[in-house]
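Based on the sequences and whatever the hints tell you, model everything.
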Amino acid sequence: MTQAMTGSHFLMEEVGRWNQLAKEDRVCKQCAEKEVKTVETAEHLFFHCPSYDDIRADFPCLDFTLTNLHEFSMQQPTQITRFGKKCFELHQELNPLSRR
3 MTQAMTGSHF LMEEVGRWNQ LAKEDRVCKQ CAEKEVKTVE TAEHLFFHCP SYDDIRADFP
63 CLDFTLTNLH EFSMQQPTQI TRFGKKCFEL HQELNPLSRR
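All residue numbers for the sequence shown refer to the numbering used here, where the first residue is 3 and numbers rise by one.
Hints in this document: simulated from the structure, not taken from any laboratory.
Fair warning: this is a prediction, and the values are worked out from it, not measured in the lab.
Some clues are possibly wrong.
Here are the computed lysine to any residue pairs in the SDA-like style, where the Cα-Cα straight-line distance is at most 20 Å [stated by the list, open to error]:
#, residue 1, residue 2
1, K31, T83
2, K31, W20
3, K88, Y54
4, K36, D60
5, K39, A59
6, K87, L64
7, K87, V38
8, K39, E26
9, K87, A59
10, K87, D65
11, K88, K39
12, K88, D56
13, K31, L64
14, K31, P62
15, K25, V41
16, K36, P62
17, K88, L64
18, K36, D56
19, K39, F49
20, K31, E16
21, K87, Q32
22, K88, L23
23, K39, C63
24, K31, I57
25, K88, D55
26, K36, R19
27, K39, L23
28, K88, D60
29, K31, R19
30, K36, W20
31, K88, Q32
Structure, rendered in structure tokens:
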């Protein structure tokens, strides 16, 4: 969660910046496959991307109506940590080359 809040992550929002892509071209690959062009931000991954629906469902104790990362991260610390870890593990599985 800290990585997401500080921008120190491997989502297209940052990877695209490193590669000088226009912001609108830093799209979520999973959503693009469904012809939905959405910039892949931490907020998109944690709150909106359908690829992470099952993970969100595994954490009914977290309030996903809080779409502000800071407010969201103030919830149950152990659960937030587990949720963030599961999301980033799935992201690596879905995007194996994103760290290169």
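Outcome of the hint check:
1. K31 <-> T83: Measuring from Cα to Cα gives roughly 24 Å; hence the hint is violated.
2. K31 <-> W20: Answer holds: K31 to W20 is near 17 Å, not above 20 Å.
3. K88 <-> Y54: Measuring from Cα to Cα gives roughly 9 Å; hence the hint holds.
4. K36 <-> D60: Violated, at roughly 24 Å.
5. K39 <-> A59: It is violated: about 24 Å lies between the C-alpha atoms, which goes past 20 Å.
6. K87 <-> L64: Between K87 and L64 the Cα gap is close to 14 Å, so the pair holds against 20 Å.
7. K87 <-> V38: 25 Å, violated
8. K39 <-> E26: Holds. K39 to E26 sits at ~8 Å (cutoff 20 Å).
9. K87 <-> A59: 15 Å, holds
10. K87 <-> D65: 17 Å, holds
11. K88 <-> K39: 24 Å, violated
12. K88 <-> D56: Holds, at roughly 10 Å.
13. K31 <-> L64: Since the Cα atoms of K31 and L64 sit roughly 26 Å apart, the hinted pair is violated (cutoff 20 Å).
14. K31 <-> P62: It is violated: about 26 Å lies between the C-alpha atoms, which goes past 20 Å.
15. K25 <-> V41: 7 Å, holds
16. K36 <-> P62: 26 Å, violated
17. K88 <-> L64: Distance of about 14 Å is within 20 Å: holds.
18. K36 <-> D56: Given pair K36, D56 holds - Cα atoms ~17 Å apart, limit 20 Å.
19. K39 <-> F49: At roughly 16 Å apart (the allowed maximum being 20 Å), F49 and K39 satisfy the hint.
20. K31 <-> E16: 14 Å, holds
21. K87 <-> Q32: Holds. K87 to Q32 sits at ~19 Å (cutoff 20 Å).
22. K88 <-> L23: Violated: K88 and L23 sit about 27 Å apart, past 20 Å.
23. K39 <-> C63: Violated, at about 30 Å.
24. K31 <-> I57: 18 Å, holds
25. K88 <-> D55: This hinted pair holds, its Cα atoms lying about 12 Å apart.
26. K36 <-> R19: 23 Å, violated
27. K39 <-> L23: 14 Å, holds
28. K88 <-> D60: OK: K88 and D60 at ~10 Å, within 20 Å.
29. K31 <-> R19: Holds. K31 to R19 sits at ~16 Å (cutoff 20 Å).
30. K36 <-> W20: Violated, because 25 Å separates the two Cα atoms, which is more than 20 Å.
31. K88 <-> Q32: 17 Å, holds
Checked against the numbered hints above, the structure violates hints 1, 4, 5, 7, 11, 13, 14, 16, 22, 23, 26 and 30; every other hint is satisfied.
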